[in-house]
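One letter stands for each residue in the lines below.
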Amino acid sequence: MAERSHEPGQSDTGAAPNSRAETAAHLRHLLETEGEAIHTQTSVSNYRRAQAYDETDNLDALRTEARAIKEDAIDRLPELIETVREAVEANGGTVYLADDAADANAYVADVVEDRADTDGSEAATGSEESGAGDGDRNRPSVVKSKSMTTEEIDLNDALEADGIDVTETDLGEWVLQVADDTPSHIVGPAMHLTREEIADLFVEQFDPDVEFDTPEALTRFARDHLGERIQAADVGITGANFVAADSGTIALVTNEGNARKCAVTPDTHVAIAGVEKLIPSVRDLEPFVDLIAKSATGQPLSQYVTMLSPPTNSPTVDFESPDEPLGGDDGTAGANRDREFHLVLLDNGRTDMREDDQLRETLYCIRCGACSNSCANFQSVGGHGFGGETYSGGIATGWEAGVHGQDSAAEFNDLCTGCTRCVDACPVKIDIPWINTVVRDRVNRDDDPEAYDFLVDGLTPDDEPDGFDLGKRFFGNIATVTKLGSATAPVSNWLGDTELVRSLLERTLGIDRRRDLPTFERRSLVDWFAARGGERESRRRAAAAGPEDRHSELDREVVLYPDIYTNYVDTDRGKAAVRTLEALGVPVSVPDLPESGRAPLSQGMVATADRQASRVYAALAEDLDAGRDVVVIEPSDLAAFQREYERFLPERSFERLRDNTYEICEFVFGLLEKGADPSVLSTGDSDGGEDGDGDRDGDGDGNRSIAYHSHCQQRTLDLEAPTTALLERCGYAPRTSSVECCGMAGSFGYKREYYEVSMDVGDRLAREFDHGGTDLVVASGTSCGDQLEALLERDVPHPIEVLAPDSTV
Amino acid sequence: MTTDTVGRFERSLDELAVSVAFTSAAGATDRLDAVLETPAVGVPLPFDGVSLPERVAAEPTATELADARTGITPATFAIAEYGTVAIESRAAGDEPVSLYPEHHVAVVAASDIVPDIGAGFDRLADRFAAGGDSIVFATGRSATADMGGLVHGVHGPGEVTVVVLEDR
Ligand code: SF4
Numbered sequence: 001m002a003e004r005s006h007e008p009g010q011s012d013t014g015a016a017p018n019s020r021a022e023t024a025a026h027l028r029h030l031l032e033t034e035g036e037a038i039h040t041q042t043s044v045s046n047y048r049r050a051q052a053y054d055e056t057d058n059l060d061a062l063r064t065e066a067r068a069i070k071e072d073a074i075d076r077l078p079e080l081i082e083t084v085r086e087a088v089e090a091n092g093g094t095v096y097l098a099d100d101a102a103d104a105n106a107y108v109a110d111v112v113e114d115r116a117d118t119d120g121s122e123a124a125t126g127s128e129e130s131g132a133g134d135g136d137r138n139r140p141s142v143v144k145s146k147s148m149t150t151e152e153i154d155l156n157d158a159l160e161a162d163g164i165d166v167t168e169t170d171l172g173e174w175v176l177q178v179a180d181d182t183p184s185h186i187v188g189p190a191m192h193l194t195r196e197e198i199a200d201l202f203v204e205q206f207d208p209d210v211e212f213d214t215p216e217a218l219t220r221f222a223r224d225h226l227g228e229r230i231q232a233a234d235v236g237i238t239g240a241n242f243v244a245a246d247s248g249t250i251a252l253v254t255n256e257g258n259a260r261k262c263a264v265t266p267d268t269h270v271a272i273a274g275v276e277k278l279i280p281s282v283r284d285l286e287p288f289v290d291l292i293a294k295s296a297t298g299q300p301l302s303q304y305v306t307m308l309s310p311p312t313n314s315p316t317v318d319f320e321s322p323d324e325p326l327g328g329d330d331g332t333a334g335a336n337r338d339r340e341f342h343l344v345l346l347d348n349g350r351t352d353m354r355e356d357d358q359l360r361e362t363l364y365c366i367r368c369g370a371c372s373n374s375c376a377n378f379q380s381v382g383g384h385g386f387g388g389e390t391y392s393g394g395i396a397t398g399w400e401a402g403v404h405g406q407d408s409a410a411e412f413n414d415l416c417t418g419c420t421r422c423v424d425a426c427p428v429k430i431d432i433p434w435i436n437t438v439v440r441d442r443v444n445r446d447d448d449p450e451a452y453d454f455l456v457d458g459l460t461p462d463d464e465p466d467g468f469d470l471g472k473r474f475f476g477n478i479a480t481v482t483k484l485g486s487a488t489a490p491v492s493n494w495l496g497d498t499e500l501v502r503s504l505l506e507r508t509l510g511i512d513r514r515r516d517l518p519t520f521e522r523r524s525l526v527d528w529f530a531a532r533g534g535e536r537e538s539r540r541r542a543a544a545a546g547p548e549d550r551h552s553e554l555d556r557e558v559v560l561y562p563d564i565y566t567n568y569v570d571t572d573r574g575k576a577a578v579r580t581l582e583a584l585g586v587p588v589s590v591p592d593l594p595e596s597g598r599a600p601l602s603q604g605m606v607a608t609a610d611r612q613a614s615r616v617y618a619a620l621a622e623d624l625d626a627g628r629d630v631v632v633i634e635p636s637d638l639a640a641f642q643r644e645y646e647r648f649l650p651e652r653s654f655e656r657l658r659d660n661t662y663e664i665c666e667f668v669f670g671l672l673e674k675g676a677d678p679s680v681l682s683t684g685d686s687d688g689g690e691d692g693d694g695d696r697d698g699d700g701d702g703n704r705s706i707a708y709h710s711h712c713q714q715r716t717l718d719l720e721a722p723t724t725a726l727l728e729r730c731g732y733a734p735r736t737s738s739v740e741c742c743g744m745a746g747s748f749g750y751k752r753e754y755y756e757v758s759m760d761v762g763d764r765l766a767r768e769f770d771h772g773g774t775d776l777v778v779a780s781g782t783s784c785g786d787q788l789e790a791l792l793e794r795d796v797p798h799p800i801e802v803l804a805p806d807s808t809v
Numbered sequence: 001m002t003t004d005t006v007g008r009f010e011r012s013l014d015e016l017a018v019s020v021a022f023t024s025a026a027g028a029t030d031r032l033d034a035v036l037e038t039p040a041v042g043v044p045l046p047f048d049g050v051s052l053p054e055r056v057a058a059e060p061t062a063t064e065l066a067d068a069r070t071g072i073t074p075a076t077f078a079i080a081e082y083g084t085v086a087i088e089s090r091a092a093g094d095e096p097v098s099l100y101p102e103h104h105v106a107v108v109a110a111s112d113i114v115p116d117i118g119a120g121f122d123r124l125a126d127r128f129a130a131g132g133d134s135i136v137f138a139t140g141r142s143a144t145a146d147m148g149g150l151v152h153g154v155h156g157p158g159e160v161t162v163v164v165l166e167d168r
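Going line by line, the protein sequences match chains A and B. Once you know that position 752 of the first sequence is 752 in full-length UniProt numbering, the rest is easy, because the numbers rise by one and skip nothing. Once you know that position 39 of the second sequence is 39 in full-length UniProt numbering, the rest is easy, because the numbers rise by one and skip nothing.
No lab work stands behind these hints: they were computed from the structure. Please read all numbers here as calculations on a predicted model, not as lab measurements. We treat Cβ as the ideally placed atom computed from N, Cα and C, and that holds for glycine. Treat the hints loosely; a few may be bogus.
Each pair of labels, with its calculated beta carbon distance range [claimed, not checked]:
1. L150(B) x E553(A): 25 to 33 Å
2. A129(B) x E89(A): 27 to 35 Å
3. P39(B) x D99(A): 30 to 38 Å
4. G49(B) x T56(A): 35 to 43 Å
5. D67(B) x T351(A): 46 to 54 Å
6. D126(B) x T94(A): 21 to 29 Å
Excised from the complex, chain A in its bound form (with noise of 0.2 Å):
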């Protein structure tokens, strides 16, 4: 037997790699190799996409409308099937049904050598050799446009295996064709590749007499190749972002113009889309057109949306019999010209999804890549790594368990840190982070159960089964082993620091040695409070405070939750954040509050998170009916609170704890709106609140220059805004990081197999803020602040710990 070669980040089986080191090391390749680039063509779509929603005055109405759409079409999806087969077939086209990618291939194989003998072009089998679109003339031949769906079903082997020379025409899978290469995006699917290496691949293959030195030059060489390809060829395949049921219409969206060559120059199309493309009716086409262009690239609308209901008056055109003229009049033209058009629905396990409730959402998806660009650690890695066998991006997680199984999604689901950047951005609403969420769950309960089980069993009472991913099971439990630490701190803290115990957790729980570990705090915040002489104590600092007259709406009381970094690592940020309410006249409570199940959701333990979702109620119910407000500090508690927990709450329950809970900056910033003096705050302008009259007008002029990273799910909840706003406010200028997400994400950035991608992200937030000569950044969350402190080199405290009164930072 043939030794096999061991590539790095390559298993045994030539599919993903399976152990930390080799999950490392496949990653380490991607951000040297293709990462520049990815990152470039992804963070610019991002930012254009930002712009282009900012732009429209209806989004949130069009994103409503479009999943609206979907919902409603993916729950008719057999009677949709029904009638697109009746509109096609009276058009004169048939429609196929295909179960998987062999039966869709074999059907697709038949149609090209049916009407390539038609032709009469001899389709014999000729040479075997001939290879991408080189082929000789008497193989049949098609010409495609760009569909994933096709790569899906790994279409073009199929072809090519029955002798049939297929040639990609767009532009970005040709050069893939030619370089042997996969899609790094499901848009965009050559952005990995540079200029440069186009240039080189073409003048390797092709022996060019022209110089490839512009961009021009390279699409000038493709088109004039591609060109004479689509005038040869017996069938165009194309894809389709659309189907309308009711008239059989194709819709296509592109901005070559490859797909409408493809689909309308020679006389049989076949057009295959996946049985989720389709929707009721032309008119619903509407929202989808409007958002698509805007959410891939930020383009208000494509080059060209082609909706075609074929087969067509148009046509053929026939370079056969180049003298004759080509059109008709609209009466005769079709029946002359023998035009056939087959539609080919793909099913390959897409009615499985629609029944399964957790991954249903995913058919709702028209694949537009936006999940992709607005993901951090996408645009670090790319669709080579963040990717499975087909699709790539956050939703390629569900794409890839529906279609493909659970192992494909597997190899990389792990990279989603459940930022939820991607769930403003995605024109359908897809709760994409969830489905990750869910993912990771089904993987962790079918794991092998490991050898270690006994150094964490102690520390996980957890609703887990056993057995799965130790380093998962770990940071699932944090909020217990952070609870050990703060007790046995400082010893837990000198053990952390020592080699033999760094050894010990990466080569079993997979922290990286290179990651400093937190420092616990002997006293939790709790502790403090209850020390300093609990709710009575605060009760009297706030009356002394607040001024005599109060009106009505300040009179607020707050129950400060106390997350478990807050509680057991940060305390400093806690006790700022009850000074600074009691400054403001609002008397506080810091119970002993239960974990939000944060922690267990990024590792995928849903069932635990469901648990301590009812705990964390349980325990605020009587609060909430007293109508007290609770306050969070750790935006990804928030998060939970405020997102999640309509999946484990009953409804009422869910949107009261919703209704009622705020994040720190947030809820003083509505208390200075409120009338509340923000003078016996830490102010940042020269004369810093001596006028006390709250007049700042916060332009900057003689304010106290600060750089803030706000947290990656609080720019979800839209809760930037008011820390902004606040630190205006309090006489700071501001400034912002355009960074989607800091690269450490909770627990993501001290895995070992995950530590350099981290370090990559955090690297361009660092960036950022390390030029400009800013003296103070702060930051929400707390892995946002230990990745820019490990980064910067510095303190990064949170925004209250400056605000505080008696601020010393």
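Fit chain B with the ligand to the known structure of chain A by using the hints.
Coordinates of chain B with the ligand only, in the frame set by chain A:
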């Protein structure tokens, strides 16, 4: 259609780097003649009193199509909001004539310019209900970014001109 809609259409075309020319129906033939570069191909223009200039091949063959520098077609309607022209597939060959040559000239009646995409889809649905089967919304010039930079004129036209018939 209001003056405002036409103005909006003009601004959208300007942003797309698409040229626009205004003419009366009576002056249209001369105007087209001035805009085109030969060899040129075209399909019949369904506007009263408007015909293709003489040097345009009105029933092009495949060879003429492949060699043409300019292709002239009517647009069934246009969308001001995005600078879009709606090209309908007809048996005369509107689709290939608008697609193959380097320069596409679209002729549209001012009364067929609708303000926004919603109105565009209303028109589309009307056409489909009346027996039309294929329409392309073409917005700006064919483009790609797949070769390491933005390039116009890939498989479709790299130059587009819209001729608006003010009195139609
Ligand atoms: S999940 Fe949403 S954002 Fe991602 S590709 Fe699909 S439609 Fe676009």
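Hint by hint, here is what the structure shows:
Take L150(B) and E553(A): their Cβ atoms lie about 53 Å apart, and the range 25 to 33 Å is violated. Between A129(B) and E89(A) the Cβ separation comes to about 19 Å, which falls outside the hinted range of 27 to 35 Å. At about 50 Å, the CB distance of P39(B) to D99(A) disagrees with the hint of 30 to 38 Å. Taking 35 to 43 Å as the suggested C-beta distance range, the pair G49(B) and T56(A) conforms, at roughly 40 Å.
Evaluation of the 46 to 54 Å hint for D67(B) and T351(A) yields a pass: the beta carbon distance comes to about 49 Å. Judged by the Cβ atoms, the range 21 to 29 Å given for D126(B) and T94(A) holds: they are separated by roughly 28 Å.
Against the hints set out earlier in the document, violations occur for numbers 1, 2 and 3.
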